[in-house]
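Visitor: Below are the chains, spelled out letter by letter.
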Amino acid sequence: MIESILDNNLITFLILLVSVGALVGLFIGLSVFLGPKRTSKVKDSPFECGWIVTTDAWRPFPIKYYLVAILFIIFDVEVAFLYPWAVSFGNLGMAGFISMMVFLAILFVGLYYAIKKRVLDWR
Amino acid sequence: MRNAWLVPGIPFFSFLIVGLFIRPLSEKAAGWVATAALFVSAFFAYSIAWDYFSHFGIGHEGPALVPWAFEWLRYQDHLTATIGTLIDPISILLMVVVTTVSALVHLYSIGYMAGDDGYGRYFTFLNLFSFSMLGLVVAPNIVQMFVCWELVGVSSFLLIGYYYRKPSAVAAGKKAFIVTRFADLGFLIGILILGYFGIEAFPHIGAKIQQEMAGLSSIPIQAIDFAFINHPATAHYILTTAGTVLGLSTLAVACILIFMGCAGKSAMFPLHIWLPDAMEGPTPVSALIHAATMVVAGVYLVARLFPSFAAAGTPLDVVAFIGTFTCAFAAIIACTQDDIKRVLAFSTLSQLGYMMLALGVATAVSPLGHTASMFHLFTHAFFKALLFLAAGALIHGVHSNEIWDMGGLRKKLPVTHLTFLAATLAIAGVPPLSGFFSKDEILRAAVENHHPIVFGVALFVAGLTAFYMFRIYFISFWGDARSEKAEHAHEAPAVMLIPLIALALLAIFAGFVPMGEYLGTSHGGHHGIHWNIAIPATLAGLIGIALSAFMYTGTRERYVAVARALGGMYTVVKNKFYVDEVYLFVTKNIIFHYIARPIAWFDRHIVDGAINLYAWLTGALGRGLKPLQTGQVQTYSAWWISGAVFFIILLWMKLS
Amino acid sequence: MSYSLTDIFGVLPELILVVTAITAILVDVASKGKDSSATMLVTAVGFIVSGIAAISGVGTIGVLMNGAVFQDGFTTAFRAIFCLIGFLTAIFSPAYLHFRNIRLGEYYPLLTMSVLGMMVMVGAANLLLFFIGLETMSISLYILVSLNRTNSKSIEAGMKYLVMGAFSSAFMLYGIALMFAVVGSINYNDITNYFLADPTLGPLTIAAVALLLTGFSFKIAVVPFQFWSVDVYEGAPATVTAFMSTGPKAAAFVVFIRVFGIALHPVASHWTLLLSWIAILTMVFGNVAALRQTNIKRMLAYSSIAHAGYLLVGIVAGNHAAFAATGYYLAAYALMNLGAFAAVIIVNQRHGTDGSYRFDALKGLGFAHPLLGISLTIFMLSLIGLPPTAGFLGKLYVFSAAIETGHIVLAVAGLLNSIIATYYYLRVIVLMYMAKPEGDTTIPRPLPYAITLIVLSVLILLIGVFPEPVISLMIAVAP
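Chains as they are written, first to last, in our numbering: chain C, 1 to 123; chain F, 124 to 779; chain A, 780 to 1258.
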């Protein structure tokens, strides 16, 4: 159905495309041409939360950072999944309960695995 | 009867087991296991025969059953090649003959081949050979027939060339394979023609035949099954709808082409040239090839397709003509040969000629010749196997194939002598031995279907047969020892003599089997002996024997004088009518020179040129493609994007 | 939204694999990364049980999970085939992993998960579930490919595969989204019905079809999306390559049949010509490039591209018989390619070779190791497509389906390409049997390899000589 709308209003779509492009181009162009440009060594250096930069940004990080970040995302998503489930818990009944328990069990196996592989071990 | 598949099945599994597992462990065990397998298989063949005839009775034509089958290759509906077992009187007859002779040959070989290098290999091949032949015998359709037919060809090649260190054996193996393979070309084309029209005919008559066949076959009938091909409705359909070729109906052409394959396997003139050379194989193999397996395959196939042949008409005349000619031709040559196995080989040719001519004189309404042919196949299998095995015992004792190296052996090899005599009397048609009855049937068939010339030739050859068979008998067993070797000849071991005695009994008494009753095609025939035919036939035999006794029991001068009197004719016959030389001339001077050479030129320059061009183009393309595989993800992504854009463009273009 | 027991039992093979994967992870943790043979055992048993569950489901036909899963013979057959592939890969992996000094027990759970993904893919009845299966399979494979983490080639391969794979997933997902936008549903059946009612393509549909086609083309590695496969196949641990070139390819093809052969069949006229050209180009590219390889692994990688071209012929032919033929060919191809890789892996462990998969390692092995020689010969003959192997009948069925539907050019191109292919496959046999052995011909002979080689070569000959059960099954089950 969307297709038919587009077919009939292809021109509208094109106008939108062009005008969006033009608008973005206009703003960036304006700032490039009109904005004042004053540079200094300190100003060009990377921003590091107020710390003085010691090395460049391509330096390798310890892998632990990534692993913890990934673990965080998993549990973050889990919460996003649990929340709607909890809201409609009453309607889902036993099947819903069991399904979620299976899901959580699998997730905990993963957590157990991560702990046993010393992912959270910072020493 | 459901276990009919065991008859070819046991040799097959034995072939695998012996070849793969037992042979590497113990050569000796290989021989015994292979032999035991054939005896078990023979037992099953007998039990099937017993079941069949006690269930359906005798004296009328029994039904053709397919108690066991499975789908093998499905091409399309009604064109599915099945592997199965066809049980009808003639397949039972062949099963009994093949398993009996093969089992006895196996047993005999244990003694004959003892101490040979390739003992285990020999028995492996022998099993394969028996399996191929049995698979052919029980084939319910023409595809299984063809596959087993070729397997027979391959295993005969392996066995004839068994002494592979001997160049003449290798050449003989190749000759047998190439000649029969060449003939099979005709067979294959014939199958394709029949298959093509079978598929066309199927929608019109298939349902009807299927209905008739209900309950007889465990699997729906297919267009390539014998039951379908042989059905009168099919023949009628092909005869009425398919056109004619060179004045012959399409069915006749197909049958004649198939007969070409039969002539190759059954060594009919002019495709007989491989058979005498096939004597290069071990003697028991000759016995098996000549008596029970390979050569009767051709006769069997004609008998199997007899309704089609009879419906087409002309092919049977061809069969009768070729059969009669070969019958006489081979018998004449046999009179002049000095190698005992070669004489037997030509006698096989001659006897096969008998079987073919008997089939040829039969017609759909008067199929007496069909019965006679099968009867002769039956009796011939025993006495010919016996002749070869006895000859093997002679060769074993004397260490020579030449009859002039023998002589006076009746005292030194008494058992061999008596059994050989029994077989010789049987083949000469002396009553009441088996050959007498079957030959009588054949002659009667020729008379009753009004083929006076065929009858005359057959009668003459009957005398000739007695003559040349007694020739070798007298030369090798009577008179004085003609060589050192013959002086010190000794009797063969018991394991070789037992098969001889068993076969001798069969050769003597097999004639009393009321074959017409079993095959049910005699329509009340074969009751007793027909004196008006038996007396001249027996007389012809006796004259032959007498002549032979006159010429070969006395001094050497007698037959030398005869040979000299015949002069050039004798030389021509002795050289087998120069057929081999004619083949050589045709292939070398005509085919090689005028056909092969231009083809070779075309092949080298045009065909190979095209192939080389193709290879060069491919190589160049490969060099061109190599830089594309840069190993960089960036390049790959670029290709990807262009590909996606290209897809969209193409789909878009298709749209508008 | 509720599931009955039928639904649960319908996906029993998948559930068994989930349990297997979890158990394998726990077992691996318990063994403290010292020895992964227990993990291997758990996985192998899991594949067997799952395979049995799959086979016992033969004959039940229907739709499960509220229309999300096809419970048909095609699903069943390929579940069983995937279990066989997974099982054989699992049992012949330990010797290789030991040889390469890869001591990561994660290998087996990942293998299980990837087979699970394949099963979900072939069973999926809608584009979303298919995509989830695809990602389950692909993510496991990304890790498996780079599992040899001390080897820069393996890391590079994993990286390339991840980047290109992510690329393809994005395309696929956009395609699915656009298709949903057009049709208003992601169910294959709804898509079919929509296009049956209106077989014209608007610009949005064209974009959707093109994007989906791009995504599939990546997964089955056809021109011009095939470049990754050679590098990845070469860099990945050989057992993973063996697995990748058979299972995932077959899974992608089955879904390709379901989506393009069935769901988009009403608009087939729009993409048939395009696919024909892709098929021809893929065959030519794969075969021609394979000719000049000196590395067996790369040669097999290119040969796998060429085979994707042959298989596409079946999809272009596009009728029931053609899909059955493609199914047969996929099964045959999985068997012979897995076998070829298994043999090559063992050849490569020959003493005195540097483990770089050069053709020279084959020299003179045929007579020294009869089982290896005979089975590798069978695999090569089957890859060429000579009777009496399964490869011959696969090609025969596919090409005759193409001829029947009037794609004679495709069939001819396929045959010409088979001739080219003969050259490089035969070279393997020639080197094994006709070249003089150089140096030490001893190779390790672990039992699992012997089992794998025997099982696969017997199966290839068996379904090559008696194709009736398999092709009947495929004809009965093909969509």
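Quick caveat, the hints were computed from the structure, so don't treat them as lab data.
One or more of the hints may lead you astray.
[Stated by the list, open to error] A few chain C residues that don't get close to chain A, going by computed Cβ distances all over 12 Å:
#	residue
1	K37
2	A86
3	I106
4	V109
5	Y112
[Stated by the list, open to error] Simulated crosslink set (DSBU-like; lysine-lysine; CA at most 30 Å straight-line):
#	chain 1	residue 1	chain 2	residue 2
6	C	K116	A	K811
7	A	K813	C	K117
8	A	K811	F	K289
[As the list claims (entries may be wrong)] Sample of chain F residues at the chain A side, in silico, Cβ under 8 Å:
#	residue
9	L744
10	G745
11	Q752
12	V756
13	S760
14	F770
Every residue gets a Cβ at the ideal spot worked out from N, C-alpha and C, and that includes glycine.
Visitor: Look at each hint and say if it fits the structure.
Guide: Verification of the supplied hints:
With a cut of 12 Å on Cβ distances, K37/C stays outside the contact zone with chain A, its closest approach being about 36 Å. Residue placement check: A86/C keeps its beta carbon more than 12 Å from all beta carbons of chain A (closest about 17 Å). Once the 12 Å rule is applied to beta carbons, I106/C is inconsistent with being away from chain A; the minimum gap is 6 Å. V109/C, annotated as away from the interface, has a beta carbon of chain A within 12 Å; the closest lies near 5 Å.
With a cut of 12 Å on Cβ distances, Y112/C falls inside the contact zone with chain A, its closest approach being about 7 Å. Note on K116/C and K811/A: the hinted pairing holds, with a Cα-Cα distance of about 8 Å set against a maximum of 30 Å. About 12 Å separates the Cα atoms of K813/A and K117/C, which keeps this hinted pair within 30 Å; it holds. At most 30 Å may separate the alpha-carbon atoms for a hinted pair to count; K811/A and K289/F exceed this at roughly 68 Å.
The criterion of a C-beta within 8 Å of any C-beta in chain A is met by L744/F, whose closest approach is roughly 5 Å, and the hint holds. Below 8 Å, beta-carbon pairs count as interface contacts, and G745/F has one with chain A at about 5 Å; its hint therefore holds. Taking 8 Å as the C-beta contact cut-off toward chain A, the hint placing Q752/F at the interface holds, the least distance being around 6 Å. Checking V756/F against chain A: minimum C-beta separation of about 5 Å stays under 8 Å; hint holds.
Against a cut-off of 8 Å between C-beta atoms, the interface hint on S760/F holds, since the closest Cβ of chain A lies about 7 Å away. Interface restraint check for F770/F: the shortest CB-CB distance to chain A comes to about 4 Å, inside 8 Å, so the restraint holds.
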